[in-house]
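Q: 451 is the number that the numbering used here gives to position 62 of the sequence shown; each next residue is one higher, with no gaps.
To be clear, the hints were calculated from the coordinates, so they are not data collected in a lab. Do not take every clue at face value.
For each label pair, taking beta carbons as the anchor points, the in silico distance ranges come out as [claimed, not checked]:
hint, residue 1, residue 2, range
1, L520, D407, 34 to 40 Å
2, M565, S418, 16 to 22 Å
3, R507, E452, 23 to 29 Å
4, L520, W558, 14 to 20 Å
5, A562, A414, 37 to 43 Å
6, D425, L517, 31 to 37 Å
7, L520, V478, 23 to 29 Å
8, G555, V411, 22 to 28 Å
9, P540, G473, 44 to 50 Å
10, S557, P514, 38 to 44 Å
11, P415, L517, 35 to 41 Å
12, L520, A444, 26 to 32 Å
Note that beta-carbon positions come from the ideal geometry of N, C-alpha and C, so glycine has one too.
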Amino acid sequence: LSSPSHSITSSASGALGDMGQVAVAPLISVLRATEDDDVAAHAAFALRDLGADAAVAIPALVEGLQRQDFHARRAACDALGAIGEEPEVVVPALASALADPASRVRQHAARALRAYGRGAAPAVPGLLRLLKDEDEDAVSAAVLTLGAIGPDASPAVPFLLARLDGESWGERASAMTAL
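Using the sequences and the hints given, assemble the complete structure.
A: Laid out in structure tokens, this is it:
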């Protein structure tokens with residue numbers, strides 16, 4: 390995972406993800422021990438590929454949301470969403486990531502929250518703030534996540550109705566899906 394070659398680190402993380410649960414402990418060790426954000430991102434991607442089998446990695450991935458590089462923070466979001474466990478720990482951490490300075494992290498945090506459905510209801514205030522984001526991809530992710538949360542996201546309904554008259558097909562489609 391520490392190779393300077395992106396193709397090698399990508400292949401290595403994919404291979405570790407394919408190994409199953411036996412790879413989880415070494416990946417957690419790498420995630421916690423490395424100062425290299427690219428290596429941390431690839432470890433998180435491998436954990437993402439393991440899904441719920443990597444649930445013991447949740448604390449290390451939550452820590453990963455504080456890394457310097459936005460790619461590593463985004464990868465931690467993706468892994469937490471793919472694991473889909475421990476909403477009492479993960480939802481507050483991802484809700485905080487909705488305010489990340491990097492738009493891709495905000496977008497991926499919103500996407501990850503979607504995996505928690507109604508369990509992501511505590512993140513509604515952050516998702517409502519994200520509806521005003523300058524990044525349309527982040528806004529669309531927030532819209533779809535609010536739809537997945539359901540009735541607990543009812544404060545978003547006026548915004549969603551207004552998006553039905555949006556200029557782009559994407560705006561209208563995400564609003565229709567959410568409603």
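Q: Each hint needs a verdict: does it hold in this structure or not?
A: Here is what the structure says about each hint:
1. Judged by the Cβ atoms, the range 34 to 40 Å given for L520 and D407 holds: they are separated by roughly 38 Å.
2. Checking the proposed 16 to 22 Å range against M565 and S418 shows it is violated: the Cβ atoms sit about 45 Å from each other.
3. Our hint of 23 to 29 Å for R507 and E452 holds, since their Cβ atoms are close to 26 Å apart.
4. For L520 and W558, the hinted distance range of 14 to 20 Å is satisfied, since their beta carbons lie about 18 Å from each other.
5. At about 42 Å, the CB distance of A562 to A414 agrees with the hint of 37 to 43 Å.
6. The hinted window of 31 to 37 Å between D425 and L517 holds, with their beta carbons roughly 36 Å apart.
7. In this structure, L520 and V478 meet the distance hint of 23 to 29 Å, their C-beta atoms being roughly 25 Å apart.
8. A hinted range of 22 to 28 Å is violated for the C-beta pair G555 and V411, which are about 47 Å apart.
9. For P540 and G473, the hinted distance range of 44 to 50 Å is not satisfied, since their beta carbons lie about 21 Å from each other.
10. With their beta carbons about 26 Å apart, S557 and P514 fall outside the hinted range of 38 to 44 Å.
11. Restraint check, P415 to L517: a C-beta distance of roughly 40 Å satisfies the suggested window 35 to 41 Å.
12. One distance hint, 26 to 32 Å for the beta-carbon pair L520 and A444, holds here, with the actual separation near 30 Å.
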